[in-house]
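Chemist: In the order they appear, the protein sequences are chains A and B. By our numbering, the letter at position 30 of the first sequence is numbered 30, and the numbering carries on one by one without gaps. By our numbering, the letter at position 78 of the second sequence is numbered 78, and the numbering carries on one by one without gaps.
Among the hints, erroneous ones may be present.
[What the hints assert, rightly or not] Here are the simulated distance ranges between beta carbons: (1) Y173/B <-> D63/A: 43 to 49 Å; (2) K106/A <-> G156/B: 51 to 57 Å; (3) E70/A <-> Y173/B: 40 to 46 Å; (4) H181/B <-> K106/A: 51 to 57 Å; (5) K90/A <-> N118/B: 37 to 43 Å; (6) L184/B <-> T103/A: 46 to 52 Å; (7) D169/B <-> D80/A: 49 to 55 Å.
Quick caveat, the hints were computed from the structure, so don't treat them as lab data. Glycine included, each C-beta is placed from N, C-alpha and C at the ideal position.
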Amino acid sequence: MKTTIKTTGITLIMLLAALFTTNTVNAQTTEKTYIKIEVDGLSCPFCAYGLEKKLKKIAGSKDVFIQLEEGEATMSVPKDQKPTEEELRKIVKDAGFTPKEITFSKTPFKTKKDDK
Amino acid sequence: MINKIISIQITAFLGTLLLFGCSQNQEKTEQKAIPIMEWKFIKEIPLGDIAPIGIASQGNFFWLSDVDNNRIVKIDFEGQIIEEFNGFERPMHIAIQGDKIYIPEYSTDSIKILENGNISNYEINEQPDAIGGVAINGNTVAIADFYNNRIILNQGDKTNIIGKEGHNDGELYYPTDIDIHNNLIYVADAYNNRVQVFDFKGKYVKMIGWNEGINVATGLKVTDTQIIIADFEGNRVLVYDLDGKLLQTLSGNFNKLEFLQKVGQKS
Numbered sequence: 001m002k003t004t005i006k007t008t009g010i011t012l013i014m015l016l017a018a019l020f021t022t023n024t025v026n027a028q029t030t031e032k033t034y035i036k037i038e039v040d041g042l043s044c045p046f047c048a049y050g051l052e053k054k055l056k057k058i059a060g061s062k063d064v065f066i067q068l069e070e071g072e073a074t075m076s077v078p079k080d081q082k083p084t085e086e087e088l089r090k091i092v093k094d095a096g097f098t099p100k101e102i103t104f105s106k107t108p109f110k111t112k113k114d115d116k
Numbered sequence: 001m002i003n004k005i006i007s008i009q010i011t012a013f014l015g016t017l018l019l020f021g022c023s024q025n026q027e028k029t030e031q032k033a034i035p036i037m038e039w040k041f042i043k044e045i046p047l048g049d050i051a052p053i054g055i056a057s058q059g060n061f062f063w064l065s066d067v068d069n070n071r072i073v074k075i076d077f078e079g080q081i082i083e084e085f086n087g088f089e090r091p092m093h094i095a096i097q098g099d100k101i102y103i104p105e106y107s108t109d110s111i112k113i114l115e116n117g118n119i120s121n122y123e124i125n126e127q128p129d130a131i132g133g134v135a136i137n138g139n140t141v142a143i144a145d146f147y148n149n150r151i152i153l154n155q156g157d158k159t160n161i162i163g164k165e166g167h168n169d170g171e172l173y174y175p176t177d178i179d180i181h182n183n184l185i186y187v188a189d190a191y192n193n194r195v196q197v198f199d200f201k202g203k204y205v206k207m208i209g210w211n212e213g214i215n216v217a218t219g220l221k222v223t224d225t226q227i228i229i230a231d232f233e234g235n236r237v238l239v240y241d242l243d244g245k246l247l248q249t250l251s252g253n254f255n256k257l258e259f260l261q262k263v264g265q266k267s
């Protein structure tokens, strides 16, 4: 009897611990930083998708979206994997473009995708 | 009786295709017949939400790479989609050989082969960075390696690298499209605003289009008699003879030209 109670107790503690850990991980991963990069020199699809290719290599990057006419790139990353502005500028330069203003935000930026 | 060759020249831009008919007449100068080609507008094909970059003709159909929607579509001359294959990652300038369609994926640095609905990988011995276009001729495959500013040339087991970053003769600055004709490699040297020609050994042969002030040379097609260049920012198509002499400029309702394909129909 004692053994059963002890085993049940341990199982419950382990379940609670697992639940707590999962919630913590979810809380971390759902916190995002949204990034908008204004770019000079985006003129053709080869440029746009070249920049997309390079930005997708950033750890944790998601929702990379290039707006050719606006000369803008938007994306999101987990908050704890946020790249520095300097790192972003280097990536844009390596992709063949001149970075202008870079904005970090806690909320998503409006894009043409939202209008569809 | 003068033989007439009627061809259809396809130029594509955002959402539509423009068909041009090309009639070839012959004028006799002394004893040598010189063909004179002139392209004329035939019709516009609506493409709906297709955002084409690459085009290849097959019988009465066209294959288009729909870069925005990551798919390859087969359309008829009315713009109706006959078949579509999804899941390609930013497909660019495609090439066709028999039933095989070679599809460069810009995002994955790979080339896929679509044949009778089956997809396989083409093995590349070098590591490219963003493939803009591919050309096939016999066992020769030429690849426009956009970010590495070079051409990867595969001939059987041999691989040669042609070009390097720069603006001088033989140097490239973001090559986007490529074609092979008569043992020569023609490269749309996009941001050097020209087409460059190399032999299979990688030796620079000549440059085309420099005098016309091309803004961005993104698309290219070489026929038996002509070199045809899409000027993306200039919204025009430039037609040259094989010596690089400008024959004709096609302009009009173009918007951001990206590619070219010629379909021959003899009558």
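Chemist: Could you run down the list of hints and mark each one as holding or not?
Modeler: Hints, one by one, checked against the model:
In this structure the supplied range 43 to 49 Å is violated for Y173/B paired with D63/A, their Cβ-Cβ distance being about 31 Å. The hint said 51 to 57 Å for the Cβ distance between K106/A and G156/B, and at roughly 56 Å that hint holds. Between E70/A and Y173/B the beta carbons are some 25 Å apart, a value that contradicts the proposed interval 40 to 46 Å. Between H181/B and K106/A the Cβ separation comes to about 55 Å, which falls inside the hinted range of 51 to 57 Å.
Range check, K90/A to N118/B: about 41 Å between beta-carbon atoms, so the 37 to 43 Å window is met. Range check, L184/B to T103/A: about 48 Å between beta-carbon atoms, so the 46 to 52 Å window is met. Checking the proposed 49 to 55 Å range against D169/B and D80/A shows it holds: the Cβ atoms sit about 50 Å from each other.
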